[in-house]
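Each protein sequence line maps, in turn, to chains C and S. Numbering-wise (this note's numbering), the first sequence opens with residue 75 and increments by one. Numbering-wise (this note's numbering), the second sequence opens with residue 75 and increments by one.
Just so you know, these hints were derived from the structure itself, not from any lab. Heads up, a few of these hints could be off.
No copy labels: a pair is met if it fits in one copy or bridges any two.
Unchecked claim - Computed cross-link-like contacts, DSBU-like style, restricted to lysine-lysine with a CA-CA straight-line distance of at most 30 Å:
| id | residue 1 | residue 2 |
| --- | --- | --- |
| 1 | Lys-89 | Lys-321 |
| 2 | Lys-343 | Lys-321 |
| 3 | Lys-96 | Lys-281 |
| 4 | Lys-173 | Lys-89 |
| 5 | Lys-89 | Lys-194 |
| 6 | Lys-96 | Lys-140 |
Small disclaimer: the values here were computed from a predicted structure and weren't measured.
Number of protein chains: 2
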Amino acid sequence: MTPISSLGEFGLISKLTAGFPKFHSSTIKGVGDDSAELNAGGKQILVSTDLLVEGIHFDMMYTPLKHLGYKAVVVNLSDIYAMNAIPEQITVSIALSSKYTVEAVSEIYEGILHACNAYKVDLIGGDTTSSINGLVISVTAIGYAEKEKIVYRSGAKEGDLICVSGNLGAAYLGLQLLEREKRIFLENSDVEPDLEDEDFLIRRHLKPEARKDVIQFFDEMNIVPTAMIDVSDGLSSDLIHICTQSKVGCEIQEAYVPLSEEMYQRAIKFNLDPITCALSGGEDYELLFTIDNEDETKVADHPDIQIIGQVVNISEGKTLMTKGGNKHQLTAQGWKHF
Amino acid sequence: MTPISSLGEFGLISKLTAGFPKFHSSTIKGVGDDSAELNAGGKQILVSTDLLVEGIHFDMMYTPLKHLGYKAVVVNLSDIYAMNAIPEQITVSIALSSKYTVEAVSEIYEGILHACNAYKVDLIGGDTTSSINGLVISVTAIGYAEKEKIVYRSGAKEGDLICVSGNLGAAYLGLQLLEREKRIFLENSDVEPDLEDEDFLIRRHLKPEARKDVIQFFDEMNIVPTAMIDVSDGLSSDLIHICTQSKVGCEIQEAYVPLSEEMYQRAIKFNLDPITCALSGGEDYELLFTIDNEDETKVADHPDIQIIGQVVNISEGKTLMTKGGNKHQLTAQGWKHF
Chain C
75 MTPISSLGEF
85 GLISKLTAGF
95 PKFHSSTIKG
105 VGDDSAELNA
115 GGKQILVSTD
125 LLVEGIHFDM
135 MYTPLKHLGY
145 KAVVVNLSDI
155 YAMNAIPEQI
165 TVSIALSSKY
175 TVEAVSEIYE
185 GILHACNAYK
195 VDLIGGDTTS
205 SINGLVISVT
215 AIGYAEKEKI
225 VYRSGAKEGD
235 LICVSGNLGA
245 AYLGLQLLER
255 EKRIFLENSD
265 VEPDLEDEDF
275 LIRRHLKPEA
285 RKDVIQFFDE
295 MNIVPTAMID
305 VSDGLSSDLI
315 HICTQSKVGC
325 EIQEAYVPLS
335 EEMYQRAIKF
345 NLDPITCALS
355 GGEDYELLFT
365 IDNEDETKVA
375 DHPDIQIIGQ
385 VVNISEGKTL
395 MTKGGNKHQL
405 TAQGWKHF
Chain S
75 MTPISSLGEF
85 GLISKLTAGF
95 PKFHSSTIKG
105 VGDDSAELNA
115 GGKQILVSTD
125 LLVEGIHFDM
135 MYTPLKHLGY
145 KAVVVNLSDI
155 YAMNAIPEQI
165 TVSIALSSKY
175 TVEAVSEIYE
185 GILHACNAYK
195 VDLIGGDTTS
205 SINGLVISVT
215 AIGYAEKEKI
225 VYRSGAKEGD
235 LICVSGNLGA
245 AYLGLQLLER
255 EKRIFLENSD
265 VEPDLEDEDF
275 LIRRHLKPEA
285 RKDVIQFFDE
295 MNIVPTAMID
305 VSDGLSSDLI
315 HICTQSKVGC
325 EIQEAYVPLS
335 EEMYQRAIKF
345 NLDPITCALS
355 GGEDYELLFT
365 IDNEDETKVA
375 DHPDIQIIGQ
385 VVNISEGKTL
395 MTKGGNKHQL
405 TAQGWKHF
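Chain C with its partners taken away, still in its complex shape (with noise of 0.2 Å):
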């Protein structure tokens, strides 16, 4: 027998999932992007989902069942932003087992019409039912774009510029601290968490925000990417999800990677490459896409979007220039400094 971690999740799922059919003119895209399409005679339909499990994806010891709600839709919207579309509805399934209460799982559903209110979304169904152990949520999202405007992770070419919005790493080192809080409050409880000046990098792991900003800003300026993801794996993961589907090489610099101070000072302080988590981190559900070149003037004066690098042949790689002028290759697992 074969044990899944042999092939990996996207192994796993190709496996799975080869050899389907498609029946239907009303499916444009199935797996492989960020969401699904659809077409009913209007509008593109984009949906995407993603499932929420205990001890996997969160530690009830430090999330905030608030924030876990929050988090669960954010992610999801992420994926239709990612397509270039706007999300307008979702449904949100619960399992959960008897240790918790109505009062829990409204705190949860708070965070869930928080995620609603701020990015205007409506909630249309779901599931509620119990579970033997842990919690899990399941989210669907459900998006809207014009055919035209909708971007695919397949769309990269040769001489497009490749750009980042916002900072990458941070809820990564989020992450850590809130593992460190853990493992000393595990050792003795009496010791209070020294959280103190973190709320930055800890509020990037714990509730995060989707890029509706860098969406709209794209519908004012005129700009339709020429591919699209968001960093959820990594930014090394997820620029290989583009260069593979797109069949481009790219090459990014080291010095453009856009990091924040606080994660910068942080991951020093843990002794862990600041650069290293910026490209293998996960979790920043920031933008990371391509531009026809002639757009470069439309991005370089927001303040929040990063031209880290360009799409290049794929016969040349997919390559980290370092500050100090070295080539790497880029791996999925992220580059390893030394």
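Based on these hints, arrange chain S on the given structure of chain C.
For chain S alone, coordinates are given in the frame of chain C:
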């Protein structure tokens, strides 16, 4: 703190989803029917989602993985048919612990593929992730219908006829059989399971079918039911949903509730009341619907549709007329014979 059991599933959902806003004109109908309804400029879009949890919805001791994959899809399709719509796409998310191998999850997907082929639906996405323990499957189904054809739970009116497809209670008896064999096996693993001649009941539980054929029959016969729901909680409970949402009463006849011979015999052997099993068993995934009495002749000759009663004024309550001519209140837990 309030235990969730004090509210029940429907009470909990009402409490949690009350006060959520509706921002979009594309949201036609949210929580409260078999599916949500959306519009993106073309046909109406129906969305339904279900979460199946190991130990709650299925027992790995007697549930073949292939059947589980099949059933997870079918129960969602059933919700789309119950809107008089045709499902065309599904997403499937699975969380599974390390005890599951690639071969195991492939078997689940074989069942999913089988359902996709049987019902002509496209798998368009999902999520595959680990869990600490146990298996969770979340399926979202998406279907389409012309606006005029969509059937809600809320449209039944006085004088309408109450109809049900197929027969009821068999899935419940199938489950009782499997539970009995499990108990016997746990007491003595040398005893061979005695499930001879029980294929029908066991299949009704492990591998239910959704009534696509009935929806096609409606289309051919130009019938648009006034209200419809699929029988997942049990005839009583689901009929009460229709009555509550339609603000009507109902009177059904014990003599007309369709029971299979296999179910009847097995109930007697188990010392259970067959009609109680039919009223409260659940998981039959038959369609319960009301039609204008002018459509009576259209359904009269259908071999697998039974008229079981009629819609009455709300003041007359929700009742079952026994074969002996006594009137009993229908309750959500089903009518207790003694």
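We went through each hint and held it up to the structure:
Taking CA atoms no more than 30 Å apart as the test, Lys-89 paired with Lys-321 passes inside one copy only; the shortest distance there is 21 Å, against 50 Å between copies. Within a single copy, Lys-343 and Lys-321 get their C-alpha atoms no closer than 39 Å, and across copies no closer than 65 Å, so neither meets the 30 Å cut-off. Taking the closest pair of Cα atoms, Lys-96 and Lys-281 come within 30 Å of each other only across two copies (23 Å); inside a single copy the shortest separation is 37 Å, beyond that limit. In the homo-oligomer, the alpha carbons of Lys-173 and Lys-89 lie at most 30 Å apart only across protomers (19 Å), although the nearest pairing inside one protomer, at 37 Å, exceeds that limit.
Proximity of Lys-89 to Lys-194 under the C-alpha cut-off of 30 Å is restricted to the inter-copy arrangement: shortest distance 21 Å between copies versus 36 Å within a copy. For a Cα distance limit of 30 Å, the shortest separation of Lys-96 from Lys-140 across copies, 21 Å, qualifies, whereas the shortest one inside one copy, 39 Å, does not.
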